[in-house]
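Chains as they are written, first to last, in this note's numbering: chain Z, 1 to 116; chain W, 1 to 111.
Incorrect hints may appear among the rest.
[Claimed, not checked] With a cut-off of at most 25 Å between alpha-carbon atoms, the simulated BS3-like pairs for lysine-lysine come out as follows:
{"#": "1", "chain 1": "W", "residue 1": "Lys98", "chain 2": "W", "residue 2": "Lys108"}
{"#": "2", "chain 1": "W", "residue 1": "Lys37", "chain 2": "W", "residue 2": "Lys68"}
{"#": "3", "chain 1": "Z", "residue 1": "Lys11", "chain 2": "W", "residue 2": "Lys22"}
{"#": "4", "chain 1": "W", "residue 1": "Lys108", "chain 2": "W", "residue 2": "Lys22"}
{"#": "5", "chain 1": "Z", "residue 1": "Lys71", "chain 2": "W", "residue 2": "Lys22"}
{"#": "6", "chain 1": "Z", "residue 1": "Lys71", "chain 2": "Z", "residue 2": "Lys57"}
{"#": "7", "chain 1": "W", "residue 1": "Lys22", "chain 2": "W", "residue 2": "Lys58"}
{"#": "8", "chain 1": "Z", "residue 1": "Lys57", "chain 2": "W", "residue 2": "Lys58"}
{"#": "9", "chain 1": "Z", "residue 1": "Lys57", "chain 2": "Z", "residue 2": "Lys11"}
Because the hints were derived from the structure by calculation, they are not lab data.
Computed from a predicted model, the values in this text were never measured in an experiment.
Read off the chains here:
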Amino acid sequence: DTGVSQDPRHKITKRGQNVTFRCDPISEHNRLYWYRQTLGQGPEFLTYFQNEAQLEKSRLLSDRFSAERPKGSFSTLEIQRTEQGDSAMYLCASSLGPSRANTEAFFGQGTRLTVV
Amino acid sequence: GENVEQHPSTLSVQEGDSAVIKCTYSDSASNYFPWYKQELGKRPQLIIDIRSNVGEKKDQRIAVTLNKTAKHFSLHITETQPEDSAVYFCAASTGTYKYIFGTGTRLKVLA
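Work out the full structure: start from the sequences and follow the hints.
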């Protein structure tokens, strides 16, 4: 599968624990995005990388959330001291850039986080 | 702030009928409008998109129209089939990177 891949697909964790998710974008894509989707809602933007640079973080992203893309390839999203409100589907997407604006964002299948 | 409103939230149509989903955006700088289809438990997939320099785009049974003055755009699906049943999301982008998504429309095509 040459699409965007995310790992793990499902994660159940106890409140207060830390979790880390991984995203592998399509290989030639410079742009990488993290979104969060709760039941019955559209994806909400969390953060964006252009190569290894994190160019924007949503106000939704509290200090407990951190994302990295150390070599401009895969990315990780870490949530520290998880809360029940963090339960959601975390979607990663990638697209071509920066020379081409407005290109299709390809989504991964997501990591479903359940905080108990 | 940036916002995309989407209506209706649910839509049921008979197989073979048409379905229309409407979205309104708030940021007048938006210039790219993709539509995604998400089946249960699967990733969102792009079905059609439109850029602000055109008013309409069609791909087989799917079409999208854009009214920049009114800041709204619509998805039209003709001759609906049961496999069209899914959740559809509209989105708007100012051309940099961030998509603002609507809240989704659950479409049910009744056989």
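Does the alpha-carbon distance linking Lys108 (chain W) and Lys22 (chain W) stay inside the 25 Å limit? Since the Cα atoms of Lys108 (chain W) and Lys22 (chain W) sit roughly 16 Å apart, the hinted pair holds (cutoff 25 Å).
Would the pair Lys22 (chain W) and Lys58 (chain W) pass a check requiring their Cα atoms to be no farther apart than 25 Å? holds (16 Å)
Does the alpha-carbon distance linking Lys11 (chain Z) and Lys22 (chain W) stay inside the 25 Å limit? violated (35 Å)
Restraint status (C-alpha distance of Lys71 (chain Z) to Lys22 (chain W) at most 25 Å): Violated, at roughly 40 Å.
Just to be careful, I want the Cα atoms of Lys57 (chain Z) and Lys58 (chain W) compared with a cutoff of 25 Å; is the pair within it? It is violated: about 35 Å lies between the C-alpha atoms, which goes past 25 Å.
Take the C-alpha atoms of Lys98 (chain W) and Lys108 (chain W), compute the straight-line distance between them, and say whether it is at most 25 Å. violated (29 Å)
Sort out whether Lys11 (chain Z) lies within 25 Å of Lys57 (chain Z), counting only the CA atoms. This hinted pair holds, its Cα atoms lying about 23 Å apart.
With the threshold set at 25 Å, check whether the alpha-carbon distance from Lys71 (chain Z) to Lys57 (chain Z) stays at or below it. holds (19 Å)
Is the hinted pair Lys37 (chain W) and Lys68 (chain W) satisfied, with a Cα-Cα distance of at most 25 Å? holds (23 Å)
Hints 1, 3, 5, 8, counting from the list given before, are not met by this structure.
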